[in-house]
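So the protein sequences, as listed, match chains D and B. Residue 290 in the working numbering is what sits at position 290 of the first sequence, and the numbering runs on without skipping anything. Residue 125 in the working numbering is what sits at position 125 of the second sequence, and the numbering runs on without skipping anything.
It is worth saying that the hints were derived from the structure and are not from the lab. Only a predicted model underlies this, so the values are computations on that prediction, with no experimental measurement involved. Just so you know, not all the hints are guaranteed correct.
Keeping only pairs whose Cα atoms sit at most 25 angstroms apart, straight-line, the calculated SDA-like set for lysine to any residue is [claimed, not checked]:
1. B:K191 <-> D:I144
2. B:K178 <-> D:P139
3. D:K258 <-> D:A244
4. B:K399 <-> B:Y126
5. B:K192 <-> B:R177
6. B:K42 <-> D:R186
7. B:K169 <-> D:K153
8. B:K329 <-> D:D261
9. B:K192 <-> D:V27
10. B:K309 <-> B:K325
11. B:K325 <-> D:A244
12. D:K141 <-> B:S172
13. D:K153 <-> D:P29
14. B:K323 <-> D:D261
15. B:K204 <-> B:E324
16. D:K158 <-> D:R3
17. B:K362 <-> D:R118
18. B:K42 <-> D:K141
19. B:K275 <-> B:K325
20. B:K396 <-> B:R177
21. B:K353 <-> D:D43
22. B:K132 <-> D:K158
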Amino acid sequence: MIRLALVSLSGYCSGCEVALADVISEVLPRIEIVYSTLIADIDKLPSNIDLSLVSGAVRTKHDIEVLREARNKSKLLVALGSCASFGGIPGLANVYVVAELLREIYGTYPREVPKLTRAAAPVSEYVQVDYRLPGCPPPYKLLIELLVCVDEKKPLPKPPSRTVCDECSLKKRDVYEENVYRLGERDDVDFSRCFLEQGILCMGIATASGCEAQCPSRGVPCRGCRGPPAKIVDQGERLLSSIASVFSKIDEEELVRKIPDPLGYFYRFTLPSSTIPYTPEILKRMEKDEGSD
Amino acid sequence: MKVVISPFTRVEGHAKVVLKLSEDGAVKEAKFKVLEFRGFEKILEGRPIEEAPRIASRICGICQVAHSLASAKAAERALGIEPPEDAIRLRRIMHYAGVIQSHLLHLIFLALPDYLPTRASSPLEYLFNNRKDLLKETIAARSASQKIVEIVGGKSIHPTTNLVGGIAKPPSREDWRKLLNSSKSLVLSLKKIFGELEQIFEEKAEELREYFELKTWYLALARDGEGDFYDGDLMFKGETDSFRLPPEEYHKVILEETVAHSYIKYPYLVKGEKKLVRVGPLARHNISSPDVENNSLYYNVFRLKECIKLADEISTLLDRPFKEKTFSKLVLRRGEGVGIVEAPRGLLVHHYKSDENGILEKVNIIVPTTINAPSIEKLLEKVSSQYIKQDKINVKELKYYLGLAVRLYDPCLSCATHSESLLPIIEIRDHENGLVKVIY
């Protein structure tokens, strides 16, 4: 029986918790929920937690406190999902300065609410993480596997070094279209063939395996939610260089024009854990802004 | 004097409740504080419009289908694209299944504990040990509905096949058969739990009617006078009056206010003067019913009834397999579009402006919990007025009633702060704003 804490940070969408609810009949006999403010009424972290599953990106000062407390009281702390692992989609807001963002949305800084951190960040920026289970949400199979390993005190599964491409069943001919299309711009897509070869951006090429290429198999290209495969730090950098070499026949300027939002394509889930989480200009503005956050 | 409940459990996100008392100890105001912030509108700006549905679904892991659909619809209006008929049929199937799974998640995991004799801290374990049958059937029904979302959407959480222009690849004949099977088991499981749950929710609703009555306007989508989850006009209904508006004109009547105590913006219906307006299962019932039900506890009763109704509609929509083409080609242009659907918690608005290259220039999103926020506060005020006396506060009972009041709306704070996170706490503050008591 695992004494399980579900720690949901404020940059979360509940999708990871819903994933757990989706597999609940398989894992319920193995877990005892000792902390959750979502599916239980337990709002104090007990001591002796076997496993803390942390979801969401770190976004408020309060998150940091809860996270540190969970770390101190847990044998194992796992970053569940892409937000806790890499910062996730909420991390795309890091290109803005918090105070500017709030001023634009609310006209003023809401006063009676927890202060935001300067940027959305992965859990590992604040505490030691024993394991990451990325995915948006993490694949059911891997979530069950993780809980079984913890319950049976087996070593945790190795992070995958293979890519989504490696496990994708779409046919490849190593012949690439000399054009890049926006998603949906082609209405003659062959769903049995590699998207990238048809000129449609697909991020499987530098994304960790484990999802069984779920999206490509259902007619849509990968957007990289599982993050980089083992040993690669910067998924976006790897994607950028792979895609540039795949379309090397296209004129550079033309290629840049065809990919209107490199940040959103290549760093969609990993900007806060990348080697370029913010531009120097933004960092400078953040420093100035320190007082208001 | 001021009462604070924090953190608030069994709601999606982080929030707290603050009650302010006047000098004589009566409740002066109740505030529902949303403590999260995520900035999705800004996250979407500057992105290619065709990528929006897949990013927007990440606003919420519970009503992701609704966000994905509202996003695609807004983009399609902006670009002038009409998805094929079968794409709409698939979207409806996925949408209805998404609403059912969200409703069941709320009813069994979040709401039901308020109706059970026990105050077990882990309701899931209580159900597992004492009501295995009910838990088992609810889980079976939820699994079936998630399976339907997965077959159509490619993934049950954050589906991916829904694109601007339709559904990328239609389910095969074999998948259609799987959908039929899941739809059958969904209806079967729902029928097994419906009677008992209906009785539980209705009894409480009648027992506490006088505390939970709140007169407001109601707003929901309607097509040809009938309530609709996917499309239609905005239908407003008050005690004696009703009116209708095309979806694009939502901003003429729904005004958003910024408040200091929350990361939610507060919308009001503007009709002459500011009026409270509610959305969700209660509103959807009221706009197509001859009488208006103002008892907020009926939110849960209608939520349950919607599950049955939508499950039947899924069966009807699955009467034939799908055509090969469920997608209309993307054509980029400068444009503006409003996409509105009925999300599980009520009306959901996505409003996009794109440049000539199909890049999003301006995004506005209004989620149901945001629309309901002022009414949540009003209901808290009403309920707490019944329970607070300056010298003697029954803390446990107060927390119970306030929790019940908030959860009726199934507030989704992840959504409401799309613009970030919400966790209730109850704080009691006196008329000079001094903290009297904090209830966790």
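Going down the list of hints, with the structure as the test:
Restraint check for K191 of chain B and I144 of chain D: not satisfied, since their Cα atoms lie roughly 29 angstroms apart, outside the 25 angstroms limit. Restraint check for K178 of chain B and P139 of chain D: satisfied, since their Cα atoms lie roughly 21 angstroms apart, inside the 25 angstroms limit. Distance check on the hinted pair: K258 of chain D and A244 of chain D sit about 12 angstroms apart at the alpha-carbon level, within 25 angstroms; holds. A threshold of 25 angstroms between alpha carbons decides the hint, and for K399 of chain B with Y126 of chain B the separation of about 20 angstroms falls inside it, so the pair holds.
Using a Cα cut-off of 25 angstroms, the hinted pair K192 of chain B and R177 of chain B holds, with the two alpha carbons roughly 23 angstroms apart. The hinted pair formed by K42 of chain B and R186 of chain D fails the criterion: a straight-line CA distance of about 28 angstroms is larger than 25 angstroms. Between K169 of chain B and K153 of chain D the CA atoms are separated by roughly 42 angstroms; this puts the pair beyond 25 angstroms, and the hint is violated. In summary, the hint linking K329 of chain B to D261 of chain D is supported, as the alpha carbons are separated by about 20 angstroms, within the 25 angstroms threshold.
The hinted pair formed by K192 of chain B and V27 of chain D meets the criterion: a straight-line CA distance of about 24 angstroms does not exceed 25 angstroms. Proposed proximity of K309 of chain B and K325 of chain B is contradicted: the alpha carbons are some 28 angstroms apart, above 25 angstroms. Among the hinted pairs, K325 of chain B with A244 of chain D is inconsistent with the structure: their alpha-carbon atoms are about 32 angstroms apart, more than 25 angstroms. Taking the CA atoms of K141 of chain D and S172 of chain B, the gap is near 24 angstroms; set against the 25 angstroms cutoff, the hint holds.
The hinted pair formed by K153 of chain D and P29 of chain D meets the criterion: a straight-line CA distance of about 15 angstroms does not exceed 25 angstroms. For the given pair, K323 of chain B sits about 33 angstroms from D261 of chain D by alpha-carbon distance, which is inconsistent with the 25 angstroms threshold. With a C-alpha separation of about 49 angstroms, the suggested pairing of K204 of chain B with E324 of chain B is violated against the 25 angstroms cut-off. Taking the CA atoms of K158 of chain D and R3 of chain D, the gap is near 23 angstroms; set against the 25 angstroms cutoff, the hint holds.
Using a Cα cut-off of 25 angstroms, the hinted pair K362 of chain B and R118 of chain D holds, with the two alpha carbons roughly 24 angstroms apart. At roughly 34 angstroms between alpha-carbon atoms, K42 of chain B and K141 of chain D are farther apart than 25 angstroms, so this suggested pair is violated. A threshold of 25 angstroms between alpha carbons decides the hint, and for K275 of chain B with K325 of chain B the separation of about 45 angstroms lies outside it, so the pair is violated. Of the pairs offered as hints, the one joining K396 of chain B and R177 of chain B is violated, with about 51 angstroms between alpha carbons and a cut-off of 25 angstroms exceeded.
Our distance criterion of 25 angstroms between C-alpha atoms is broken by K353 of chain B and D43 of chain D, whose separation comes to about 42 angstroms. Taking the CA atoms of K132 of chain B and K158 of chain D, the gap is near 36 angstroms; set against the 25 angstroms cutoff, the hint is violated.
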